[in-house]
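K.L.:
Take these sequences, add in the hints, and give me the full structure.
Under our numbering, the first residue of the sequence shown carries the number 4, and numbering increases by one thereafter.
A portion of the hints provided could be inaccurate.
Unchecked claim - Listed below are the simulated DSBU-like cross-link pairs for lysine-lysine, each with C-alpha atoms no more than 30 Å apart in a straight line:
id, residue 1, residue 2
1, 65, 22
2, 22, 36
3, 36, 65
4, 22, 128
5, 128, 36
Claimed, not checked - Across the chosen pairs, the derived CB separations fall in these ranges:
id, residue 1, residue 2, range
6, 159, 133, 14 to 24 Å
7, 65, 150, 18 to 28 Å
8, 5, 67, 13 to 23 Å
9, 15, 84, 17 to 27 Å
Since the hints were made in silico from the structure, they are not lab data.
C-beta: ideal position from N, C-alpha, C; glycine also.
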Amino acid sequence: MERRNVTTGVFLEHLTAEKAIEELSASGFDLGKLSLIGLDSPHGAHVSGLYRIGEQLRACGKLEAFWQGLSRQFSASASFFVPGIGHVMLFGPIVELILSALERELVVGGLSAVGAALFSIGIPKECTSRYEAALREGHFLVMAEGTADEAEEARRILNATSENDAVVYHSTVPGS
4 MERRNVTTGV
14 FLEHLTAEKA
24 IEELSASGFD
34 LGKLSLIGLD
44 SPHGAHVSGL
54 YRIGEQLRAC
64 GKLEAFWQGL
74 SRQFSASASF
84 FVPGIGHVML
94 FGPIVELILS
104 ALERELVVGG
114 LSAVGAALFS
124 IGIPKECTSR
134 YEAALREGHF
144 LVMAEGTADE
154 AEEARRILNA
164 TSENDAVVYH
174 STVPGS
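P.N.:
Spelled out as structure tokens, the structure:
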């Protein structure tokens, strides 16, 4: 079993999510431990996605500049259509968890692939629906993993930049 400390903040718009990431980075938080999930267009009114030309990853959509900037900051990025949520854009370690859930056809009691990935990093199953609902409403999730102290520091920073209270989840999950 592996001990996980995950801080999750909900941001109403991409600019505040971006500011939170900048603040975490400026405080010395390892970007390799951060993830972001959001929708480009919550109501499907715009084409959105990520694509690669040569070595350069590009984004298209309503928030194209935002996604492009994130693709330069994070080593992992992806976009998927998730039934019940929409076309999600993902950055950071959460990408590998989503891929793992999809490859293993992970089913966690009716959770979507996003919910299963959130559950697999230690967010309680009963809390994942709150985050899925936030995504459907067009909000953004910023997640930070680390030691208990790092998670608390991330919570402090996320709370200073978020309209909602960030939550730290301390849990034990099966080891990888």
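K.L.:
Evaluate each hint against the coordinates.
P.N.:
Hint by hint, here is what the structure shows:
The suggested pairing of residue 65 with residue 22 holds, with an alpha-carbon distance near 19 Å, which does not exceed 30 Å. Among the hinted pairs, residue 22 with residue 36 is consistent with the structure: their alpha-carbon atoms are about 16 Å apart, no more than 30 Å. Distance hint between residue 36 and residue 65 is fulfilled; the C-alpha atoms sit about 26 Å from each other, no more than 30 Å. Distance restraint check for residue 22 and residue 128: the Cα-Cα separation of roughly 28 Å lies within the 30 Å cut-off, and the hinted pair is therefore satisfied.
The suggested pairing of residue 128 with residue 36 holds, with an alpha-carbon distance near 21 Å, which does not exceed 30 Å. Roughly 21 Å separates the CB atoms of residue 159 and residue 133, a value that falls within the hinted 14 to 24 Å. Range check, residue 65 to residue 150: about 37 Å between beta-carbon atoms, so the 18 to 28 Å window is missed. Here the CB-CB span from residue 5 to residue 67 is close to 37 Å, at odds with the stated 13 to 23 Å.
Take residue 15 and residue 84: their Cβ atoms lie about 23 Å apart, and the range 17 to 27 Å holds.
In summary, the structure is inconsistent with hints 7, 8 from the numbered list given earlier, while agreeing with the others.
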